[in-house]
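Q: If you want the building blocks of each chain, they are given just below.
Protein chains: 2
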Amino acid sequence: MGGDRAPGEVVAGARRAAEEHGIEIVLVGRPEALGDTGGLAVVPASEVIEMGDEPGAAVRRKKDASLVRAAEAVRDGKAAAMFSAGNTGAAMASALLRMGRIKGVARPAVATPLPVPGTTPTVLLDAGANAECQAAWLVQFAQMGSAYARARYGLDEPRVGLLSIGEESGKGNSLVKDAHRLLLEAGGVRFIGNVEGRDLLTDGVDVVVTDGFSGNVALKAMEGALRLLSDAVEGALPPDAWETVRPVLEGLDPEAYGGAMLLGVEGVCVIGHGASSATAVANGIVVAAELAAADLVSAVRSAIAA
Amino acid sequence: MGGDRAPGEVVAGARRAAEEHGIEIVLVGRPEALGDTGGLAVVPASEVIEMGDEPGAAVRRKKDASLVRAAEAVRDGKAAAMFSAGNTGAAMASALLRMGRIKGVARPAVATPLPVPGTTPTVLLDAGANAECQAAWLVQFAQMGSAYARARYGLDEPRVGLLSIGEESGKGNSLVKDAHRLLLEAGGVRFIGNVEGRDLLTDGVDVVVTDGFSGNVALKAMEGALRLLSDAVEGALPPDAWETVRPVLEGLDPEAYGGAMLLGVEGVCVIGHGASSATAVANGIVVAAELAAADLVSAVRSAIAA
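Sequence lines, in order, name chains P and S. Going by numbering that gives the first Met the number 0, 121 is the number at position 122 of the first sequence; the sequence numbering is gapless. Going by numbering that gives the first Met the number 0, 7 is the number at position 8 of the second sequence; the sequence numbering is gapless.
Hints may be right or wrong, so weigh each one.
As the list claims (entries may be wrong) - BS3-like mimics (lysine-lysine), calculated; alpha carbons at most 25 Å apart, straight line:
#1 P:77 x P:102
#2 P:61 x S:170
#3 S:77 x S:102
#4 S:62 x S:77
#5 S:176 x P:176
#6 P:62 x P:77
To be verified - Simulated DEER-style distance windows between Cβ atoms:
#7 P:238 x S:201: 38 to 48 Å
#8 S:247 x P:274: 24 to 34 Å
#9 P:3 x S:169: 41 to 51 Å
#10 P:202 x S:152: 33 to 43 Å
If you are wondering where the hints come from, they were derived from the structure by calculation, not from laboratory data. By construction, the Cβ of each residue, glycine as well, lies at the ideal position given by its N, Cα and C atoms.
Only chain P is shown next, with the shape it has when bound in the complex (with noise of 0.2 Å):
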């Protein structure tokens, strides 16, 4: 029921990926709202948390809401993962008020893959979840971002930079000087020091954490760039040179990899833009199903107590 486009473009991502991929498919939501489902399941919810609510608020108030539904879900186990294109602080607070915090991990963080031409996503953790970070806490963004870089990309051992302004290690503020120090002394995570925002979109990093102010920001002004010099280059080229490099422009759209991932509580969680399309909605739930297969939960869980 959340996104700026649901319940349609959702219901209809959701056919897609039962269709093409052969994912098994529980809606959740009001039913009559629903329109055709294709015959897929519905877990009815009566209330659904609005864009605008105050997340905690609302999943605290709306104990029938299809967030809060679908978290449950996956909690009993009727769900192996959920996908949400609604209120990204609300779809957090049911999982992680629903499906439980995983032990020893301090704050869950959301772990967002960022598209790198020619190979596997840099995983950019916390994108927003916490605007204020403790230095211990990006540690095990560190930890839970290795592990989805290793259970998603199959990379063995991914390389972990930490965002900063610039490569030495003296660099940045305090937060981040005494994650440097940190870091160095972190196990399971491979550390290579800091990097720049200019770094993460290139093959030089696999997992780059950093506060959630920061990583809220650099996405954000990602993004921008990235609209800004898609409608420029479509404003300058004849349609025909246009169609040629748009598919180049949608493959680095951050959307086209299926959304974050909330890292840290006890279920897949994925959340995808509110303006998703049918399209779009479909990568996030094979995300989900993907990440729920190659069970990241349980790497998390050992990674945090290791």
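Starting from the known structure of chain P, fit chain S onto it as the hints suggest.
A: For chain S alone, kept in the frame of chain P given last:
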């Protein structure tokens, strides 16, 4: 003498600024290293601060460095402005230590204009001078950035946004929340509220204030995204179509706007990219000359005193 392509491209750019724009130039550096200066005046300076030097220490130790002598020339009224493509931190330290801070300014900040198609650039500050900030400093950044937008772009009442991770006033880290409150009551600032990373390159805001860590992360993330997309577009297009679109993309390059300015010191100091070409150097010199002619320093002084 500073920059990856100095002195060749720097001298070439200076000559172009003199020849094409009628700007009176004084080169600062080792006379024997400069090659054919085309008759431009030279202030001799025997030392060079290298890109890898620690800024503060280098400025104190190398008293006859070209950067230091250039800042002294501005201080002594022998030049109206300085431009450097060298070590950014050392250029800032030279300007701060030799020109001095404007009375009342807590911390000078780097202002970087971001190109926006079809309208005036967005002035982003702090783009990297202060990795850690206090909320009151961000209010001064808003005042100084507004003075810049008025002086350089002729905007009467520039719209000032506060970089955050959500538009609502409650979104962000504690620095942003405190700064939001202070900005609502700040004099001489037309505060329009929080903006996000994706707003930086749009017509929705004229000046964006943030701490130097987030500002630098955002700037470099956009640079990285633009470079990646440019390469991708070039790779996908036939050569003639690429030649159509190339000037459009080059116009979106922040470098084309002539570099960053250190605001809050008693003189004009414009800092170009280390890899500046002759064109970028010439652009930067033109910007420095414009800002001197517009008497930006007096404008900043008034904005802070008000």
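Q: None of the hints should be skipped; say for each whether it holds.
A: Comparing the hints with the structure gives:
Between residue 77 (chain P) and residue 102 (chain P) the CA atoms are separated by roughly 22 Å; this keeps the pair inside 25 Å, and the hint holds. With a CA separation close to 22 Å, the supplied pair residue 61 (chain P) and residue 170 (chain S) stays within the 25 Å bound. A threshold of 25 Å between alpha carbons decides the hint, and for residue 77 (chain S) with residue 102 (chain S) the separation of about 22 Å falls inside it, so the pair holds. A threshold of 25 Å between alpha carbons decides the hint, and for residue 62 (chain S) with residue 77 (chain S) the separation of about 18 Å falls inside it, so the pair holds.
Taking the CA atoms of residue 176 (chain S) and residue 176 (chain P), the gap is near 23 Å; set against the 25 Å cutoff, the hint holds. For the suggested pair residue 62 (chain P) and residue 77 (chain P), the alpha carbons sit about 18 Å apart, so the restraint of at most 25 Å is met. Separated by about 25 Å at the C-beta atoms, residue 238 (chain P) and residue 201 (chain S) break the suggested range of 38 to 48 Å. For residue 247 (chain S) and residue 274 (chain P), the hinted distance range of 24 to 34 Å is satisfied, since their beta carbons lie about 26 Å from each other.
A beta carbon spacing of about 22 Å between residue 3 (chain P) and residue 169 (chain S) contradicts the range 41 to 51 Å that was offered as a hint. Between residue 202 (chain P) and residue 152 (chain S) the Cβ separation comes to about 38 Å, which falls inside the hinted range of 33 to 43 Å.
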